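Each chain is listed here by its residues.
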Amino acid sequence: MTSLRFRTSLQPVDASCIYRSGDSEDPRIGDICVYDLQSLPEAPCVVAILGVPQDIGVERNGGRVGAAEAPAAIRRALTKLAPTAFLSALQSGELALCDLGNIETDGKTLEQIHDEHYDIVAQLVRRGIVPIVLGGGHDCAWPTVRAISSDGQPYGVINIDAHTDVRPLKDGRAHSGSPFRQMLDMPSSCLAPGGFVEFGIQSTGASAHHIASVRQAGMHVMMLDEIRRDGIHEAWQRAMSHAAASGRTYVSVDMDAFASAYAPGVSAPAADGFAPHEVRACLTQAAASGSLIALDILEVNPRYDVDGRTAKLAAQLIADVIQGLASTRGAKS
Amino acid sequence: MTSLRFRTSLQPVDASCIYRSGDSEDPRIGDICVYDLQSLPEAPCVVAILGVPQDIGVERNGGRVGAAEAPAAIRRALTKLAPTAFLSALQSGELALCDLGNIETDGKTLEQIHDEHYDIVAQLVRRGIVPIVLGGGHDCAWPTVRAISSDGQPYGVINIDAHTDVRPLKDGRAHSGSPFRQMLDMPSSCLAPGGFVEFGIQSTGASAHHIASVRQAGMHVMMLDEIRRDGIHEAWQRAMSHAAASGRTYVSVDMDAFASAYAPGVSAPAADGFAPHEVRACLTQAAASGSLIALDILEVNPRYDVDGRTAKLAAQLIADVIQGLASTRGAKS
Amino acid sequence: MTSLRFRTSLQPVDASCIYRSGDSEDPRIGDICVYDLQSLPEAPCVVAILGVPQDIGVERNGGRVGAAEAPAAIRRALTKLAPTAFLSALQSGELALCDLGNIETDGKTLEQIHDEHYDIVAQLVRRGIVPIVLGGGHDCAWPTVRAISSDGQPYGVINIDAHTDVRPLKDGRAHSGSPFRQMLDMPSSCLAPGGFVEFGIQSTGASAHHIASVRQAGMHVMMLDEIRRDGIHEAWQRAMSHAAASGRTYVSVDMDAFASAYAPGVSAPAADGFAPHEVRACLTQAAASGSLIALDILEVNPRYDVDGRTAKLAAQLIADVIQGLASTRGAKS
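Protein chains in written order, with numbering that gives the first Met the number 0: chain Z, 0 to 332; chain B, 0 to 332; chain H, 0 to 332.
Just chain Z, same shape as in the assembly (with noise of 0.2 Å):
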C-alpha cells in the first residue's frame, strides 16, 4: 500500500459518478478503480484519473462552453465499461487504477487551475504513475506539457487533433487554442528535437501559417488526408518514430479529432475526421510501447452530445491506453 499526498487539496469523485456492479463474474471499472488515496496498492504501472472541470480556456478562445461537464460524463461511462482486457494485470498486481478525483476550480483563475493541475501531473509523472487528464479545454495540455518538462528529462508529444492549437495568447494569457504555441515557445524546454507531432489535422481547421510555424520549428503535422492515404497504421508508426525517441511520450487527444458523427459532443464539431477504431489502435499501441508517460483527452462537450455518446467513447479511449499499458507489464514482468 502507498498513498498519494498533494500540495492541493483535491474534491473527491462524486459517488453518483461512479457505477460498480457489485457481480464478482461481472466487474465493472467501477468495481477495480481505487478511490480512496490512502490505500493506492503498489503496482509496477499505476494509472491515475485525475478531472479538470473548467471551461474557461475555450471560453477565452471564443468556443462553446460545456466541457467543465466532461469529467463526471467520463467517469460515468468509464466505471461501467469491463475491465476484461487488463483484469489479469489488476489481478496479478501489474496494474492499479486510481481515481485522484478533481482539482478545485471553483472561483480559481485558469491560471491557478492550471498551477494546480501542473503540481499534480509533475508529482506523477516523477513516481512513474500515468497521469489521464480528463479536461477541460485544450489548454490543459499547457500544464500537462510544463509537468513533464519539470525534471529536465526530454520528451514528445502526440496531439490528435483537427487543429494545430498553437495560437498567440489573447492579452497575453492562456486559452484552448494556444498550449502548443505555448510549448514551443517555452524557454528551456526538454521537447525532443522534431518531437512534437501534430496529428489528424484538417485543411480546412488549421491556417497556414500555423501549420507553417509547426513545420518551422522543426515539428510535424500529419494531416488527416495524408494519414488516409498513408495508411493510419503506417502513419501512426512514423509519428510514433518522432515522438517516441525520447523515450517518454505525451499523448494528447482531442476529441473534435473524431468525425462528429462519433464524437457530436464535443467544443467544435467537424464532419470529417477519425472513426473511433482508427485511434483506439493507436492509443492501444502507444500504451503498449512502453513510452507513454501522460494521456489527456479533452474537449468532450457533455452539453452537445448525444445520449452520451461521446463521453462513451472517451472512456473507451482511456480503457484502450489501460489495455496497452498492462500488456507491457505483464510481458515485462
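Hints were generated in silico from the structure; no laboratory data involved.
These numbers come from a predicted model, not from an experiment.
Idealized CB from N, CA, C, for every residue including glycine.
Just so you know, not all the hints are guaranteed correct.
[As the list claims (entries may be wrong)] Far from chain B by the CB rule (all over 10 Å, computed), these chain Z residues:
| hint | residue |
| --- | --- |
| 1 | Leu9 |
| 2 | Val33 |
| 3 | Tyr34 |
| 4 | Pro43 |
| 5 | Asp105 |
| 6 | Gln122 |
| 7 | Pro153 |
| 8 | Gly230 |
| 9 | Ser240 |
| 10 | Ala244 |
| 11 | Ala274 |
| 12 | Ala280 |
[Said to hold, decoys possible] Computed footprint of chain Z on chain H, listed as stretches where at least three residues anywhere in the stretch have a Cβ under 8 Å from a Cβ of chain Z:
| hint | stretch |
| --- | --- |
| 13 | 83 to 93 |
| 14 | 179 to 188 |
| 15 | 314 to 324 |
Got chain Z sorted already, so can you dock chains B and H onto it with the hints?
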C-alpha cells in the same frame, strides 16, 4: 395459396405502420408484403415477420426500456424500402414475404410471451418458413432457440452482439442478458458441438468470466478487435464454418453491435462497433448460403433513436437477408 | 476587376451567414470570399456560389420540407472553414471565390425559380465560371442541366445519390424526384452518349423499373454495394471515364448519398451510404481533372440536422472541390 394458423391469436399489423406507394413502377415492401394470412402464396421460400412488442426482459436486466415500440418503428421503415434486390424472385413465385403481426403482450408475463413466441416460431421452422422476429429485448433469442431445437435436429447459432448475453437467470427468471446462458444450459439441446458463435463482442462490454464460460462450453467468442484485425469477411467465414456446419443456422442480431453513430436507438449503446455495410454483407451471405432458418433483429429502442435511424438500419438488414434468401432460391430453381 | 450582372436580381448574402476571423494569420473562407459582385477579381478559375432557398420540389415529391433553409446553414459552416488547401491559388490570383447570393424565391412558382436558376448558371458556365449551387431539393439539377446544355456543347453528369431521381413528372410538373427523367427526355439534348452516371444508388431506395430505364437510355447506374465491392477509387475512375469523356462534367451531390450518421439533416435519410472521406476524395479528383464545369450540393435539410453536422459536411465538400479546382489551375499556370 396456403393459410397460416397458430394456436395463439396474433395481433394484425397496424395499418399506420404500413407504407404502400401504390406505384407499379416503384413498389415498396409495403406493397408486396402479404398481411392476410389466409391467402399466403405457396413459394419455395417464405419469409414471415413476427413482432414481439415487449421490453420486460430488458427491464429485468436493469436496462432502459423502449424496445416494446420497436416492431412498429421497424415496420414503418421496412415497408418504405424498395424490394428491388428480390423483385424478380417475388415475381417468379420463388419468394413470398408475409407479416404475421405481433404477439399479444398486454397483461402477459414474459414467460407467457416467450411460450407463444416459441410456439409460432417452431411451427414456422417446421414448415420451412424463415421467421424474422422483431424484438423486443434479447431475451427473444431464448424462445427462438427452443423453437429451432424442438424438432430434434442439430442447429448452429451466431449472435451478432457487443455483449455475450450469458448471464445467469435473475431469481430463476429469464431476462435480456440471459438467453445464451439458457441455451448453453439446455438439458437436451440439439445445438451442434462448437456450433455457437458470439460475433463482435467488445472487451469493455463483456466480462472475462462470461467469455470464458462460452469457450469452456466448446463454443466461440470472436471479439470485435480480432474481427477487425483479421478482416470481417474472413472472420464471418470462420463464424459460418462453425455455426452452419449443421446446415441449420439461426442468426440473432443485437442492434447494439453497431457503433452508436449508426444505431443510437438501442438499449445499451456503445461508442464503437460495426458499420452498417459490414454486417449487411455478412447477413446477405448467411442467407445466400442456404442454411439460414431463422433471424432475430433485437434491442431496437425507438425512445432513444434519432429520426428513426436505428429502425431504418434494422429494416435495411431485413431487406439484405431477404435478398440473400432470394438469391439462393433463384439459383436452386 | 470584373463585374457580374444578371437579368434577374439576386438577394445578397445575409451578413449573419458570413463568419470572418479578421485574423491575417488565420483567414477563413468568409474572409476571402468576394460578396461584392461589382469587384470580382479576374482569375483563371472563378468559383461562384449560388443559393436556391426553396423546397417546393421536395414538397411536390411528398418529401419533408426544410431544404429552403439550407443555403444559409451551409454558408454559416462554409465561411468558418480555413481555405488552407487553396490559399496559395487565391494569393497568386489563379483562383477567385465569390458568393452571388440567393435567387429570390418568395412568391414564385418552382418554374419561375428554375428559369432564373437556369439563366444565371447558363451565363456563368458560358463565362467559364464554375457555379456551386446550394439547393434546395434535387429538382435544382434540372435547371443546371438545361444551363450547361444551352451552349450546344456535349456534357456528362454524375449524380451522387442513394436514389435515381428519374420519376415521371407529377401533373406535368417537375419535382425533387424527376430531374434526371427530364434530362433523359430532353428533346435536343447535348448529353454525351453514355455520359450520365448514377453513383451510389441503393437497391432499397430505387425501383427496378427506374434503374432499368436509366440503363435502357444507354446510361450507367453504379449501385452502392457494387462500388464497395470494387473499391470507391476504382468505381469513381469508371464513373469519370463515362461522364468526363466530353471534357465537361457536372456533378450533382444529393446529401442523402451519405449514411445518416454523417448526414442526418436531409430530406430522405438512409441507414447506410457513403462516409465523408469517400465522397470528398471523389470530388477533389473530379475538380482536379479539369473537366468540372458545375456542382450542386442538394437536399440538406437543416430542420432535421444535428448541431449543423450535415451543413458542415456540405461545406467541407465545397472546400474539397475548390481545392481540386485550385490544384488544376496551379498546375496549368
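Results of checking the hints against the structure:
1. Residue placement check: Leu9/Z keeps its beta carbon more than 10 Å from all beta carbons of chain B (closest about 26 Å).
2. Chain B leaves Val33/Z outside its interface by the beta-carbon criterion, the shortest separation being 19 Å against a cut-off of 10 Å.
3. The beta carbon of Tyr34/Z sits about 20 Å from the closest Cβ of chain B, which is more than 10 Å, so the claim that it is off the interface holds.
4. Against chain B, the non-interface label of Pro43/Z holds: every CB pair exceeds 10 Å, the least being about 21 Å.
5. With 10 Å as the threshold on Cβ separation, the claim that Asp105/Z sits away from chain B holds: the shortest Cβ distance comes to roughly 30 Å.
6. Taking the minimum C-beta to C-beta distance to chain B, about 29 Å, the non-interface status of Gln122/Z holds against the 10 Å cut.
7. Against chain B, the non-interface label of Pro153/Z holds: every CB pair exceeds 10 Å, the least being about 33 Å.
8. In this structure Gly230/Z is separated from chain B by more than 10 Å, as the shortest Cβ-Cβ distance comes to about 14 Å.
9. In this structure Ser240/Z is separated from chain B by more than 10 Å, as the shortest Cβ-Cβ distance comes to about 22 Å.
10. Look at Ala244/Z: its CB is around 27 Å from the nearest CB on chain B, clear of 10 Å, so calling it non-interface holds up.
11. The Cβ of Ala274/Z sits about 8 Å from the closest Cβ of chain B, inside the 10 Å cut-off, so the non-interface label is violated.
12. The claim that Ala280/Z lies off the interface is violated: its Cβ sits roughly 8 Å from the closest Cβ of chain B, which falls inside the 10 Å cut-off.
13. Remark: the stretch 83 to 93 of chain H is confirmed as covered by chain Z, as 4 of its residues place a Cβ nearer than 8 Å to a Cβ of that chain, reaching the required three.
14. Check on the stretch 179 to 188 of chain H: 0 of its residues sit with their Cβ under 8 Å from a Cβ of chain Z, so the three-residue criterion for coverage is violated.
15. Coverage of the stretch 314 to 324 of chain H by chain Z holds [criterion: at least 3 residues with CB-CB distance below 8 Å; count 4].
Violated hints, listed in ascending order, are 11, 12 and 14; each of the other numbered hints is respected by the structure.
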